[in-house]
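Could you build all of it, start to finish, from the sequences and the hints given here?
Chains as they are written, first to last, in the working numbering: chain Z, 89 to 348; chain E, 33 to 362; chain G, 5 to 545.
Don't take every hint at face value.
As the list claims (entries may be wrong) - Using 25 Å as the maximum straight-line C-alpha spacing, the simulated BS3-like pairs for lysine-lysine come out as follows:
1. Lys120/Z with Lys30/G
2. Lys193/Z with Lys309/Z
3. Lys50/E with Lys204/E
4. Lys311/Z with Lys120/Z
5. Lys309/E with Lys277/E
6. Lys311/Z with Lys30/G
7. Lys83/E with Lys30/G
8. Lys193/Z with Lys311/Z
9. Lys145/E with Lys309/E
What the hints assert, rightly or not - A few chain G residues that don't get close to chain E, going by computed Cβ distances all over 10 Å:
10. Pro115
11. Phe131
12. Arg189
13. Phe301
14. Ile348
15. Ala375
16. Phe393
17. Leu517
Keep in mind that the hints were calculated from the coordinates and are not lab data. All C-beta atoms, glycine included, are put in the ideal place defined by N, C-alpha and C.
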Amino acid sequence: MSNAVAHADAHGHAHAHHPALQHHFDTMGQQKEAAVVGMWVFLLTEILFFGGLFAAYMIYRVWYFDAFAEASRSLSLFWGGLNTAVLIGSSLTMAMAVRGAQTNKRAATVNWLILTMILGTVFLGVKVIEYADKFEHHHVPGYNFQWAAAHEAPAAGGEHAAPAAEGAAAEPHRELALNGDQLQLTTQIYFSLYFTMTGLHALHMIIGIGIMLVITWMAWKGKFDAEYYTPVEMAGLYWHFVDIVWIFLFPLLYLVERHT
Amino acid sequence: MTIFGIPIFPEQASTFAKDVDALYFFILATCALFAVGVSIAAVFFGIRYHKQHDSEIGARIEGSLPLELLWSVIPTIIAMVMFGWGASVFYHLRRPPAEAMHIYAVGKQWMWKFQHLEGQREINELHIPAGRPIKITISSEDVLHSLYFPAFRTKTDAIPGRYTELWFEAQKPGQHHIFCTEYCGTNHSGMIGTVTVLEETQYQAWLQGGGMEGTLAQRGAKLFNDLACSTCHLDTGQGRGPTLKDIVGTTVALQDGSSAVVDEAYLRESILNSQAKIVKGFQPLMPTFQGLISEENLVALIEHVKSLSPNPTTAAPAAMPTPAPAGEKK
Amino acid sequence: MLDKLKIPERHYLNNGHGLASWLLTKDHKRIAIMYLISISVMFFLGGLFAVGIRLELATPQGDFVQADTYNKFFTMHGVIMVFFFLIPSIPAVLGNFLIPPMIGAKDLAFPRINLLSLYIYWIGGVFTLYAMISGGVDTGWTFYTPYSATGSNTNVVPTALGIFIAGFSSILTGLNFIVTIHRMRAPGMTWFRLPLFVWAHYATSLVQVLGTPVIAITIVMLGVERALGFGIFDPGRGGDPVLFQHLFWFYSHPAVYIMILPALGVMSELVSTFTKKTIFGYSFVAFSSLAIAVFGFIVWAHHMFVSGISTYAAMVFSFLSFSVAIPSAVKVFNWTATLYKGAISFETPMLYAYGFMGLFLIGGLTGLFLATLGVDIHLHDTYFVVAHFHYIMVGGAIMGYLGGLHFWWPKMTGRMYSEFFSRIAAILVFVGFNLTFFPQFVVGYLGMPRRYHSYPDEMQVLNVLSSAGASVLGLGYLLPVIYFLWSLKYGQVAGPNPWGASGLEWQTQSPPLTENFLEVPVVEHEPYEYEHIVAKEKHLV
Numbered sequence: 089m090s091n092a093v094a095h096a097d098a099h100g101h102a103h104a105h106h107p108a109l110q111h112h113f114d115t116m117g118q119q120k121e122a123a124v125v126g127m128w129v130f131l132l133t134e135i136l137f138f139g140g141l142f143a144a145y146m147i148y149r150v151w152y153f154d155a156f157a158e159a160s161r162s163l164s165l166f167w168g169g170l171n172t173a174v175l176i177g178s179s180l181t182m183a184m185a186v187r188g189a190q191t192n193k194r195a196a197t198v199n200w201l202i203l204t205m206i207l208g209t210v211f212l213g214v215k216v217i218e219y220a221d222k223f224e225h226h227h228v229p230g231y232n233f234q235w236a237a238a239h240e241a242p243a244a245g246g247e248h249a250a251p252a253a254e255g256a257a258a259e260p261h262r263e264l265a266l267n268g269d270q271l272q273l274t275t276q277i278y279f280s281l282y283f284t285m286t287g288l289h290a291l292h293m294i295i296g297i298g299i300m301l302v303i304t305w306m307a308w309k310g311k312f313d314a315e316y317y318t319p320v321e322m323a324g325l326y327w328h329f330v331d332i333v334w335i336f337l338f339p340l341l342y343l344v345e346r347h348t
Numbered sequence: 033m034t035i036f037g038i039p040i041f042p043e044q045a046s047t048f049a050k051d052v053d054a055l056y057f058f059i060l061a062t063c064a065l066f067a068v069g070v071s072i073a074a075v076f077f078g079i080r081y082h083k084q085h086d087s088e089i090g091a092r093i094e095g096s097l098p099l100e101l102l103w104s105v106i107p108t109i110i111a112m113v114m115f116g117w118g119a120s121v122f123y124h125l126r127r128p129p130a131e132a133m134h135i136y137a138v139g140k141q142w143m144w145k146f147q148h149l150e151g152q153r154e155i156n157e158l159h160i161p162a163g164r165p166i167k168i169t170i171s172s173e174d175v176l177h178s179l180y181f182p183a184f185r186t187k188t189d190a191i192p193g194r195y196t197e198l199w200f201e202a203q204k205p206g207q208h209h210i211f212c213t214e215y216c217g218t219n220h221s222g223m224i225g226t227v228t229v230l231e232e233t234q235y236q237a238w239l240q241g242g243g244m245e246g247t248l249a250q251r252g253a254k255l256f257n258d259l260a261c262s263t264c265h266l267d268t269g270q271g272r273g274p275t276l277k278d279i280v281g282t283t284v285a286l287q288d289g290s291s292a293v294v295d296e297a298y299l300r301e302s303i304l305n306s307q308a309k310i311v312k313g314f315q316p317l318m319p320t321f322q323g324l325i326s327e328e329n330l331v332a333l334i335e336h337v338k339s340l341s342p343n344p345t346t347a348a349p350a351a352m353p354t355p356a357p358a359g360e361k362k
Numbered sequence: 005m006l007d008k009l010k011i012p013e014r015h016y017l018n019n020g021h022g023l024a025s026w027l028l029t030k031d032h033k034r035i036a037i038m039y040l041i042s043i044s045v046m047f048f049l050g051g052l053f054a055v056g057i058r059l060e061l062a063t064p065q066g067d068f069v070q071a072d073t074y075n076k077f078f079t080m081h082g083v084i085m086v087f088f089f090l091i092p093s094i095p096a097v098l099g100n101f102l103i104p105p106m107i108g109a110k111d112l113a114f115p116r117i118n119l120l121s122l123y124i125y126w127i128g129g130v131f132t133l134y135a136m137i138s139g140g141v142d143t144g145w146t147f148y149t150p151y152s153a154t155g156s157n158t159n160v161v162p163t164a165l166g167i168f169i170a171g172f173s174s175i176l177t178g179l180n181f182i183v184t185i186h187r188m189r190a191p192g193m194t195w196f197r198l199p200l201f202v203w204a205h206y207a208t209s210l211v212q213v214l215g216t217p218v219i220a221i222t223i224v225m226l227g228v229e230r231a232l233g234f235g236i237f238d239p240g241r242g243g244d245p246v247l248f249q250h251l252f253w254f255y256s257h258p259a260v261y262i263m264i265l266p267a268l269g270v271m272s273e274l275v276s277t278f279t280k281k282t283i284f285g286y287s288f289v290a291f292s293s294l295a296i297a298v299f300g301f302i303v304w305a306h307h308m309f310v311s312g313i314s315t316y317a318a319m320v321f322s323f324l325s326f327s328v329a330i331p332s333a334v335k336v337f338n339w340t341a342t343l344y345k346g347a348i349s350f351e352t353p354m355l356y357a358y359g360f361m362g363l364f365l366i367g368g369l370t371g372l373f374l375a376t377l378g379v380d381i382h383l384h385d386t387y388f389v390v391a392h393f394h395y396i397m398v399g400g401a402i403m404g405y406l407g408g409l410h411f412w413w414p415k416m417t418g419r420m421y422s423e424f425f426s427r428i429a430a431i432l433v434f435v436g437f438n439l440t441f442f443p444q445f446v447v448g449y450l451g452m453p454r455r456y457h458s459y460p461d462e463m464q465v466l467n468v469l470s471s472a473g474a475s476v477l478g479l480g481y482l483l484p485v486i487y488f489l490w491s492l493k494y495g496q497v498a499g500p501n502p503w504g505a506s507g508l509e510w511q512t513q514s515p516p517l518t519e520n521f522l523e524v525p526v527v528e529h530e531p532y533e534y535e536h537i538v539a540k541e542k543h544l545v
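Printed below as a string of structure tokens:
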């Protein structure tokens, strides 16, 4: 750049600044665009963050498919399915909240946000139930881990069926004699990943609810209007992301070889 | 090689050491050429185009596509040569000859334990004959270690739960360093030893002097009885487990429809994680020995089973790292 | 002749006084200064551990400290230098300070996140320092399992936690830079008018944002493995210790590009300014930064050639590793071509630039030895590797950092330092560095393993040379502390553009205003045009 830099006045528009415009931005548009790019970059980092766990999961699932299938069948489809519905619902309520802010409806925004938080809390409550069940059954990896040989998944129930006929592309179901020693070892890997993945997800939910509290308070205080509701939208993006992570976790953890 | 008594280059004590060194010198020469070339240019330009007066500025030269292509393409070609040459030397280093003499090594904090098939056991010392290829199968009892013979130019990590291997052929008698080159805790730098290369006849003489418990395979035979393997694995094949006679190198059909080659990796897995690959037609009755058998005893058992196949089918074993417990492939 | 220059009346350093005005600032320049102080402290702490290492290695026996203590020394040296010095250094200090003025902006896109990133760095540092004070950690900075999960009885978890936390500082800095460079450029500042320093930081930020989360999750996995007894890497339960290495190096290889790319950006600025010439092949240099960032993600397993990966995998990664060497070579050739028909002067920043060229060249070229499979088997985990990465990290990244610091010091403080002492320091660093690390190539090929507390007698002479060099290097690093501090009070006033450099940051006062510009600049010229710049206030001591 040379000395002859022309100076121009950036404040070409003759309107008063929105109170939410920060001093280092020129326009609300620029500020919003920066927020959007920033949030998407952040979500990209979250994808990489969870990605490491997904990578480890995929590798071990290929190596120890039987153990994964066995362990997966011990999870409750009811609670998992319920949580999936709850989260999807909460994404809907979140989207409604953003819409409310966008259309300047303060009360509606606050209400939808509160509903979102309630659904999020329900999700966490269900996880508490599930975790408690794991503790009882000694399925927490580590010193006290026990994979009982006679353990049957509540949803699957009963013995495994004889091998399915053809369908050569799918792996034929093997009749497993459940050897306690082998499963004792490798199901621990499944549960290590289960707890780490769902635990990390739950942590993100808790943080999300915390963010929602702040956004709800701001909405209630009337800080948002049709021209400025970026924080609601950004919080929404984060919330949807946490929801999507669960959409991946659910089939990978709960639905391994459930067709038998 | 030494300068004023200071060693600056290791001995070439194995047959492929000179190959590694030749490659090294090629890369060294190429790098030196570029380093010196660029340095001379930079220094020369620095002098030749030194600013003469305060407000002088440089010529307006923005670039040159031909030059950019030249100095992208030529380094790429050189890099490909380095890669290709390196890959071929590497391939040679990774393929032990079929007739290689077999030795087992176990790394544990903080020592190397070597076991000869004839029964000799050594700690931090390794005696080998000159002029014969030697293959070392390595595992670890605890954390990662790495077995390194700088004079032979080869090393491989010792990984708990797996077998890895390296090979070399020492050309002449001498003594060389053994190092552990994967940090393993307090006495990592104490996990060193000496490999002594002996003339063939001297090596034979050395062998006579040791092995209180017989050969490795004989020790394995004793374990086979002590651990009650013999109660199920009858020679007749009528026992609760398959016969182990003449099975090494053959392919067995497994319960799930797949098949497996009977090599060291399969034998190891079958002992440690018996449910993983059950032979078709047999019940899953065999107990698992994971955690119940040391690495040294494991190799003894494996050698015993191998001794039951005096003319093993030479099926090429799967590339050695053995899988750890249940059915994965590497 | 020269007008008597004065420090401007109003600037970012006197805009608000007291601790709160610093700790709660949103000004990227103040944040940069606080980072400068923090990483300097960390540098000298890491350096102390290096002193301990070299003192021990002056004799073959392990007689200076106990083995466990030595193991802690090299671990903590690595952890501090990598995570708390090198990774933040140029981006957090120079990037933070310079990117907004370079693109014509008043601040970064997210000033409060910038401050948060500094707080997070401090918190991470506290955890790690606590771990060190309360017993230390001895796993090596690479934390390989199973030793780090079950074998070591040292403070693995607090250290890992500290690194985990500091990682978020790095991520947020990268995120901030990406958004800033995309959205805050002044009118007329198109992508191809950006200084190459900005391109380099953009590429670095991509790596920070994509790579750091992976080490974060790897540390989480190690943490639950160790603290809760989970079995993800435990071979006894079917886990794979080598999986840890894959996950670790997936970040830690790109991490080395986080450490060097910014220095490569500094280099372009120095070479251009001190040849008064545009960088030869601007777009090639710009794209090579991106290429390095991208290729850096696909070569990680070249750290694992002897770790039990398959022959086939080894060949793939070896092949790919050569790809990352080419863009680096392209940069070096372009800088050399820039010298041709330049108007070259050798102020201290240019001395660092020359030093960088030589040392980065050697460091980068020795990487080829390690990418070559046949030779890497012999060299892996020996001192050859130690020498290689120190040539790049210290000979490259730190020289780049010091060169940048010496270049932009007058802008940041309004003062010039002693040219005489700074040149001496630059020479001491160059000579001391080579003396310290060149013998390590030789002793590495001889077979001396890394992380060895004691070693065979015949390797002593080379080690003594290395230790002797370290003392020269240490002196070279101490001098700048003295003359920089001295310059703050007694240094000659610098004026806006003492070097006659191009770049928007040199069109403002030194030190700059808090808001950088009184009016938003409009850019109408290409980068690195010197025709219109007259170094009115150029000073040479």
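Contradicted hints - numbers only: As far as the earlier hints go, 7, 9, 14 and 15 are violated by this structure, in ascending order.
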